[in-house]
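> Here the sequence shown is numbered in full-length UniProt numbering, starting from 1 and rising by one per residue.
None of these hints come from the bench; they were simulated from the model.
It is possible that part of the hints are untrue.
Taking lysine to aspartate or glutamate and the EDC-like style, the derived pairs with C-alpha atoms no more than 16 angstroms apart in a straight line are [as the list claims (entries may be wrong)]:
hint, residue 1, residue 2
1, K80, E114
2, K59, D109
3, K110, D12
4, K15, E70
5, K17, E85
6, K59, D12
7, K92, E114
8, K17, D31
9, K92, D109
10, K80, D31
11, K94, D75
12, K110, E95
13, K80, E21
14, K15, D109
15, K110, E88
16, K27, D55
17, K94, E70
18, K124, E70
19, K124, E138
20, K17, D109
21, K148, E138
22, K94, D109
23, K92, D73
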Amino acid sequence: MQYQGTLIAVSDMEKAKHFYETVMEQKIMMDLGVHVSFERGLSLQSNYAELVGADLPCKAQPNNFQLYFEVEDLDYWQDKISDTEGIEFIHKAKEYPWGQRVIRFYDYDKFIIEVAESMASVAKRFLAQGLSIEETAERTMFPVEFVKSLM
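Produce the complete structure using the sequences and hints provided.
Here's what the structure looks like:
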């Protein structure tokens, strides 16, 4: 068995499709109107209860999972998301002990979206700031060999 991706039930397909395609820069692989699949495994579905043939009401703001995206330039993405009408931040840039910076916000259907620096870019940032390979490995919790491979 192979995992193929995540499908989220959306209330307004056009609004959701615009958000993920235009704001989040995801490329549409297939658009069937009520179902949109993006490259890299994310799908949107309207009329979800009808699709599965059961009375399954969608819960607004479930807060029990998140969609996770990695980027190289978190500041660019924070500014871009901040400029997007109707988006509510959970928090803006927050740095974790291992050095990774992340933002979290709700999409239009109130699903949590996390956008985080890739850990490779975190390690490169530490090296550029003058940390040694060993210090960078310790801070990021990565093997020294991985940090060396980034140079």
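> The structure should be examined with respect to each hint, and the outcome stated for every one.
To see whether the hints hold, each was checked on the structure:
| no. | hint | in the structure |
| --- | --- | --- |
| 1 | K80 with E114 | holds (14 angstroms) |
| 2 | K59 with D109 | holds (9 angstroms) |
| 3 | K110 with D12 | holds (12 angstroms) |
| 4 | K15 with E70 | violated (23 angstroms) |
| 5 | K17 with E85 | holds (15 angstroms) |
| 6 | K59 with D12 | holds (14 angstroms) |
| 7 | K92 with E114 | holds (10 angstroms) |
| 8 | K17 with D31 | holds (9 angstroms) |
| 9 | K92 with D109 | violated (19 angstroms) |
| 10 | K80 with D31 | violated (25 angstroms) |
| 11 | K94 with D75 | holds (11 angstroms) |
| 12 | K110 with E95 | violated (23 angstroms) |
| 13 | K80 with E21 | holds (13 angstroms) |
| 14 | K15 with D109 | holds (10 angstroms) |
| 15 | K110 with E88 | holds (9 angstroms) |
| 16 | K27 with D55 | violated (31 angstroms) |
| 17 | K94 with E70 | holds (14 angstroms) |
| 18 | K124 with E70 | holds (15 angstroms) |
| 19 | K124 with E138 | holds (14 angstroms) |
| 20 | K17 with D109 | holds (12 angstroms) |
| 21 | K148 with E138 | holds (13 angstroms) |
| 22 | K94 with D109 | violated (23 angstroms) |
| 23 | K92 with D73 | holds (14 angstroms) |
Figure legend: structure checked against the earlier numbered hints; hints not met, in rising order: 4, 9, 10, 12, 16 and 22.
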